[in-house]
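Now for the letters of each chain:
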Amino acid sequence: MVRLKHRYFLAEIIFPDGRRLQRNIKSNDVYFSVREALHAAYGDYGIGVLKSSLMVKYLNKDTHMVIVRAKRDFYRLAQAALTFVKKIGEHDAFLNTLHIGGTIRACQKFLIRHHRQHLPLLYQECDTQEERDNVQLMLLSSCVDMETFSKKTEEKERSLSEIAGESLT
Amino acid sequence: MADDKSCTEETLYSGLSPSIVSHGSKLGLQARSMRQTDVVKSYLKRHLPANRLMANEDNISRRQVHLSRTVKKKKFDLTSQKKKKLTNRERKGMKVFKIPKENQSYSQQLPLHQAWKQYMEEVIPSSSVSSPGAVQAACQKVVKAELQGGMLTVQRSKCPSYVGVCGIVMQETRHTFTFITSSDKVKCVPKENSIFALELHGHIFTIHGSHFKVKAGERSSKKFKSKPTTDL
Amino acid sequence: MAAPFANGAPNSKLVFEKSSFDDPKSSHERVLNTKYFTHNASIILPYSSSAAQLQFEISEIQDQQVTYLIRDVPVHQLVDKEFIEAFVKKGQLYILSQRRHIDTHNCAAVFPTGHLLLHITKDTYEQLGLEGKPSVFSSLKPTKYVVDIDLKPDSFTPGRKGYDRVLWCLKDRLGLTFDLLISWNPHDEKICASSVSKFFKSKGLVVSPVPWCVQTQWQNKVRTPVLDSTVVTATEDACGRAEAWEWLGAMACGIDLSESCADNYISTLSCPTPSGSCPRCCVLSVSGFFTPVTTKWLLEKVRNEVESKQEKNKVPWGSVTFHGFQDSPVSVGSREHGFFQEGDNLHSFLTFCNKDYWLYSAYGHHDLCQ
Amino acid sequence: MTGDSEKHSYLRQVDKSPAPYFYIKTSLEYEGRGLETDSLQLKHVIMQSMTEVFGQVGASDTVDVLKLSASGEALLRVPSRSFVKLWGALTLFGKYNGLPCVFRVQQVSSSLMSLSCNSRTWDIPAMS
Amino acid sequence: MGKSAKQKGLGNKEAYQRINYLYQAAHLCLQQSPSNPEMCRFYINTMRSVAEKHVIRMHPEIKRSICKKCCMLLLPGITSISRNKKKGERYTVVSCLECGSVKRFPWGKNYQLWVEKPAAWQPS
Numbered sequence: 001m002v003r004l005k006h007r008y009f010l011a012e013i014i015f016p017d018g019r020r021l022q023r024n025i026k027s028n029d030v031y032f033s034v035r036e037a038l039h040a041a042y043g044d045y046g047i048g049v050l051k052s053s054l055m056v057k058y059l060n061k062d063t064h065m066v067i068v069r070a071k072r073d074f075y076r077l078a079q080a081a082l083t084f085v086k087k088i089g090e091h092d093a094f095l096n097t098l099h100i101g102g103t104i105r106a107c108q109k110f111l112i113r114h115h116r117q118h119l120p121l122l123y124q125e126c127d128t129q130e131e132r133d134n135v136q137l138m139l140l141s142s143c144v145d146m147e148t149f150s151k152k153t154e155e156k157e158r159s160l161s162e163i164a165g166e167s168l169t
Numbered sequence: 001m002a003d004d005k006s007c008t009e010e011t012l013y014s015g016l017s018p019s020i021v022s023h024g025s026k027l028g029l030q031a032r033s034m035r036q037t038d039v040v041k042s043y044l045k046r047h048l049p050a051n052r053l054m055a056n057e058d059n060i061s062r063r064q065v066h067l068s069r070t071v072k073k074k075k076f077d078l079t080s081q082k083k084k085k086l087t088n089r090e091r092k093g094m095k096v097f098k099i100p101k102e103n104q105s106y107s108q109q110l111p112l113h114q115a116w117k118q119y120m121e122e123v124i125p126s127s128s129v130s131s132p133g134a135v136q137a138a139c140q141k142v143v144k145a146e147l148q149g150g151m152l153t154v155q156r157s158k159c160p161s162y163v164g165v166c167g168i169v170m171q172e173t174r175h176t177f178t179f180i181t182s183s184d185k186v187k188c189v190p191k192e193n194s195i196f197a198l199e200l201h202g203h204i205f206t207i208h209g210s211h212f213k214v215k216a217g218e219r220s221s222k223k224f225k226s227k228p229t230t231d232l
Numbered sequence: 001m002a003a004p005f006a007n008g009a010p011n012s013k014l015v016f017e018k019s020s021f022d023d024p025k026s027s028h029e030r031v032l033n034t035k036y037f038t039h040n041a042s043i044i045l046p047y048s049s050s051a052a053q054l055q056f057e058i059s060e061i062q063d064q065q066v067t068y069l070i071r072d073v074p075v076h077q078l079v080d081k082e083f084i085e086a087f088v089k090k091g092q093l094y095i096l097s098q099r100r101h102i103d104t105h106n107c108a109a110v111f112p113t114g115h116l117l118l119h120i121t122k123d124t125y126e127q128l129g130l131e132g133k134p135s136v137f138s139s140l141k142p143t144k145y146v147v148d149i150d151l152k153p154d155s156f157t158p159g160r161k162g163y164d165r166v167l168w169c170l171k172d173r174l175g176l177t178f179d180l181l182i183s184w185n186p187h188d189e190k191i192c193a194s195s196v197s198k199f200f201k202s203k204g205l206v207v208s209p210v211p212w213c214v215q216t217q218w219q220n221k222v223r224t225p226v227l228d229s230t231v232v233t234a235t236e237d238a239c240g241r242a243e244a245w246e247w248l249g250a251m252a253c254g255i256d257l258s259e260s261c262a263d264n265y266i267s268t269l270s271c272p273t274p275s276g277s278c279p280r281c282c283v284l285s286v287s288g289f290f291t292p293v294t295t296k297w298l299l300e301k302v303r304n305e306v307e308s309k310q311e312k313n314k315v316p317w318g319s320v321t322f323h324g325f326q327d328s329p330v331s332v333g334s335r336e337h338g339f340f341q342e343g344d345n346l347h348s349f350l351t352f353c354n355k356d357y358w359l360y361s362a363y364g365h366h367d368l369c370q
Numbered sequence: 001m002t003g004d005s006e007k008h009s010y011l012r013q014v015d016k017s018p019a020p021y022f023y024i025k026t027s028l029e030y031e032g033r034g035l036e037t038d039s040l041q042l043k044h045v046i047m048q049s050m051t052e053v054f055g056q057v058g059a060s061d062t063v064d065v066l067k068l069s070a071s072g073e074a075l076l077r078v079p080s081r082s083f084v085k086l087w088g089a090l091t092l093f094g095k096y097n098g099l100p101c102v103f104r105v106q107q108v109s110s111s112l113m114s115l116s117c118n119s120r121t122w123d124i125p126a127m128s
Numbered sequence: 001m002g003k004s005a006k007q008k009g010l011g012n013k014e015a016y017q018r019i020n021y022l023y024q025a026a027h028l029c030l031q032q033s034p035s036n037p038e039m040c041r042f043y044i045n046t047m048r049s050v051a052e053k054h055v056i057r058m059h060p061e062i063k064r065s066i067c068k069k070c071c072m073l074l075l076p077g078i079t080s081i082s083r084n085k086k087k088g089e090r091y092t093v094v095s096c097l098e099c100g101s102v103k104r105f106p107w108g109k110n111y112q113l114w115v116e117k118p119a120a121w122q123p124s
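Protein chains in written order, with the numbering used here: chain D, 1 to 169; chain S, 1 to 232; chain W, 1 to 370; chain L, 1 to 128; chain H, 1 to 124.
Among the hints, a few may not be true.
Here are the simulated lysine-lysine pairs, DSSO-like style, with alpha carbons at most 30 Å apart [as the list claims (entries may be wrong)]:
#1 W:K89 with W:K198
#2 S:K227 with H:K103
#3 S:K187 with W:K171
#4 S:K215 with H:K109
By construction, these hints were calculated from the structure, which means they are not laboratory data. Quantities reported herein were computed from a predicted structural model and do not represent experimental measurements.
Sequences and hints are given; from them, build the entire structure.
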């Protein structure tokens, strides 16, 4: 049987009032808000088409990264629905889709490159040293967390050690 | 080889007393002489070498004796007898079962049809077809019964020029029925994609050809599963 | 947008031709001759004042062109030798089965070329026993078949193998009966056209003449698009063909296009931009069973109406549309016609005063026309 | 009138691509007594059904109610892109302020002209 | 007609009727149109396949009147020749004229057909 094909949206949750506020977001909050937006935008048809494959695959509370899965045939509907999201749980936030990948691993590769580019930005933001440390920890944990989530291969260790080395310098 | 001219019926039975001859038919004294020569003629036609059979010459009694050449006596060679069975390839070669299309006549098949009717009377007595339940049983019997010699008509068919063909079934093979129509034409109709109708004791049995694609012999022992659609 | 809906809408064809009446190659004669069955003619004449006179003439001609509806005619009557001799060979015979849907039921039609066409379902085709072709629009497993019988050749006589087979199939094999619309115009004038009805009455069938029903609507103070016969695509000073086509449709359907109801919420349809106002516009629709003779006469009428009044009350253009039957087995000539969501085959002439005309022919999804 | 100069300029155009607009002749029937609806109400009903089935994005196409005749027959115009969606929404519509009702689509066509007459519903009046 | 000792009565009655009809039909059609033996052969062939399928043993009389090779009815004088021969001990030879196959029946003094034996008819 031909493999069921999906599209994975790697999206960043952005809160209007600054990043560092710790918020506890659960994955069904994200799921329900996306579904709500989909229903508003595309009505019963949209729900009927996407409901079976719509799923929040990965949510990282610290880096506010989320991966949402949708069926390949109707991924455009899901993509549009993501932009209509206004509230997650009780915080109002919006989703900024960074990457659409055919597999979770593709999204993960993109995430690693994304973190590497954005690491210096994070530094400017945090002024005290201990903030800088927990930013490193957070990134480290997010990447490790990613691997255990998707079966890691050797070359990923190398990239992990690079980041670790680079962030220590 | 051909003995003297055919002995007509009078000469043969002239010795008997007139009373016997008068109701001869009851005693089975048919006029056999007619058919006698007919059989001999047809046999000779098939077996004599070609040069003996002059074109459309019916008097085959002319015989040539070649003094110079001695006629080789056909020796029974035992080896050929060893092989009992005819392989299918040989059967096809010898056209054992191939009914020739030409010079068939409908009237010749009529007695066969009468015999078939009596046979069907035996299989499905007309009395038993009164109640609908019995008709159902009769259907099962028709499926197992012999159709060669019966009168079938093509009721429906994917190829419309077969529709309306009606005649006595001369031969039933796995995929076809061979009819001889009342206008002395031999028609070979494929069973696939056509529906045949059999009229019996006032009931019309419809036979779906595509469910019937079984050799005539094996049909009586085969268990028929009901097919979902009767669409052609 | 939702991708899967892109190919949902059925593709129908609109053929636009611009030429003039006195052009030798003009196709208006051919189109009308081969459009055998016409159901409704709607005439739209803006600025015209003498529409009443036109209406009178129409009722005038109604008596000459009488068509009949005959109930439950067994088809083998049409194959009858004496019927063929008397009517098919002696004049132009138009027969169409009525109240039968072309996509599900059996239909029958006879053309003046002497062809009897049976458009039958798969089951009837298998039982009928006449050779035929699967209809073009049915997919791999055809559901409809077309049987074409030529009545005219003299080899089609009793005693011949072909004829007996046809008669046997239509009579004993399967008694197909239809309600038939019949119209016959004999070659020579002496025979009167209603002898067809006498023939069928003698066969003991219910024959009733088919009247034309004429409806006229007047629309006052209507904005009409300014049209120029040479300008096909819209420019500032004249409307193009698409806008004109939509405006004609709106008038034919009797949509009120006056300014008052043009607020945008309910309907954004309004008269195309460069439009002049016209005090009275007449929309006249005649429905019945018309043959090419009548349609040509109607076209003549509209042309006179438009071309005669040059100066006084100027009628720049007028239009007449001939709607074919949705369930007729053919649309133009012997081109097969089917019904899929819509079965229109209509021709609309937009005639100008300088003898130019625009011909719109709209065909449905299932139609063999070009 | 110009056009006398170039004699008979014969021009022929065939547009096979779907026509820009599609037209539907339908009528809203109520169970039991027929509730009179005006075109505003009808438009509201259609938009409500579209949004319910296809959401706001789906219902963003303009549906024009061209005509609402006395006998309750309405002519709708819709861009050919969302013709199938409109037809779907019409069929799925079931209840309007508590009253079960249904849209009966009589005729569909890509040209407005062909909606003006329907040979299928032509019952032949007896000769007057 | 057929050997019915062991079966529980005439189990498959239709089969017997069918065989009976086919045999008669073969005879009839040979009489009617001697010029085409094919039909007669085909009937006999069908008859044999019906008997095979229903595991019915035909009575020796019938079995002996059918040529094994070409399924032709062996009518003495018409389609077959029967001669008495002696080589060592006496036997009669029936040879089919169509295909030339031969059947030999030795004249055993006290040879008893299985059918003639009483044991054949007692239900075992």
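Consistency of the hints with the structure:
no., hint, in the structure
1, W:K89 with W:K198, "holds (17 Å)"
2, S:K227 with H:K103, "violated (46 Å)"
3, S:K187 with W:K171, "holds (24 Å)"
4, S:K215 with H:K109, "violated (43 Å)"
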